[in-house]
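**Student:** In this text, residue positions in the sequence shown follow numbering that gives the first Met the number 0: the first is 0, and each later residue adds one.
Hints were generated in silico from the structure; no laboratory data involved.
Small disclaimer: the values here were computed from a predicted structure and weren't measured.
No residue lacks a Cβ here, since even glycine has one placed at the ideal position from N, Cα and C.
Where hints are given, some of them may not hold.
Heads up, simulated DSS-like pairs for lysine-lysine below, C-alpha to C-alpha not over 27 Å straight-line [stated by the list, open to error]: (1) Lys-84 / Lys-384; (2) Lys-323 / Lys-384; (3) Lys-357 / Lys-84.
Each pair of labels, with its calculated beta carbon distance range [as the list claims (entries may be wrong)]: (4) Leu-212 / Ser-267: 41 to 47 Å; (5) Ala-241 / Asp-82: 48 to 54 Å; (6) Ser-131 / Val-103: 33 to 39 Å; (7) Trp-208 / Ser-267: 21 to 27 Å.
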Amino acid sequence: MTHSTPRGRVFALDNLRAALVMLVILHQAALVYSAFAPFYYVEPPFADPLALLVLGLFALVNQSWFMAALFFIAGYFTPDSYDHKGPGRYLGGRLLRLGLPLLVGFFILEPVARLGLFLMPSASTGITAPPSLEAYPKMIGFGPLWFVALLLVFSFFYALWRQIVGGHALPSYRHEPSRLQGIVFVLGLALVAWLWRMLVPLGLEVSLWGDALSFPTLAYLPHYLALFVIGIMTRRNGWLPAPTPNAARFWFLASVLATLVLLPWALSGSFFQLTFSQGAEFTGSGTWQSGLYALWDSTMAFGLLVAALGLFEARINREGPVWKFFARQSYAAFLIHAVVVVFVAYGLHALAWPALAKFALLAAIVVPLSFGIAWVIRRIPGVGKVV
């Protein structure tokens, strides 16, 4: 049998998911004032070296683990959903909860977010015409909802796998994985990521159909899939509540050490010098720098997840009114956050503040505003059942 043992609601995971969505919103806000990655609305010139360093490092650290952590949480809740509903209702529920918001995002939210390109100076974008219906087909797409699209794909493959194995008994590993097993997992993940990035380097946006069906961070696919599977295994084997404080502390320190040593080495080719190497060899193509970078972000993906699980299990494993509010609105907030960031950032564009100060102000506005708008949207009859 593949059924999971019953367990009550894991408030730590609900709260961690809400915190990760907040981090996603902050990540997008950082892109407005840094040259780290393309965004719908940015404010060049990026001339402040301190802002570039702080926001660039913030974005790199985020990218290394936060989306993989969201896939872990999604994987954790997958077995119970399948066991409770069966294959037909499970897939129907996934189409409702993932497919319907994906369609709304594809045809409505993404075009609205891309209006930010028209709000920037034409000298920066090359866009001289106002938005029009003729431009609409070029404005549709996944945007940040690539996560929802990929999760929908993972869900279908999970259902297919469950149908293949049927009622056959699967091996169980009831003991919490050891530190050595965690290290072996990280090394294996780093190797797979290094090999994968020979085909899909960091920064390459993989498009299945023009700009519409595009995945901007598919270089992290090994991390996303591996953590989704680990989430499933964690639920099925009862590894939560975990990890122990010692394990959480070890993996947090490992992540810090990797950031101090491996990240500068991968980016700069030398220790303690955080600058990008010529040609950005760390992005892929089988270089030794890309191997070090894969080892760094694999350590971060697993290490910060374990550390966050330990923190939230120990400190925030409860359903207080504040965390309950954020947890319930987190999915809707994720769906709409890009639009909120774009238009609030544009509303602040006249402020002649340093980049870090504007980022702090933008962050202080868009996080609560995204969750507040999400709360309003979920009050619409029927919407709360979907998001």
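**Student:** Decide, hint by hint, whether the structure agrees.
**Tutor:** Do the hints match the structure? See the list:
no. : hint                          : in the structure
1   : Lys-84 / Lys-384              : holds, 16 Å
2   : Lys-323 / Lys-384             : holds, 16 Å
3   : Lys-357 / Lys-84              : violated, 47 Å
4   : Leu-212 / Ser-267: 41 to 47 Å : violated, 35 Å
5   : Ala-241 / Asp-82: 48 to 54 Å  : violated, 21 Å
6   : Ser-131 / Val-103: 33 to 39 Å : violated, 22 Å
7   : Trp-208 / Ser-267: 21 to 27 Å : violated, 37 Å
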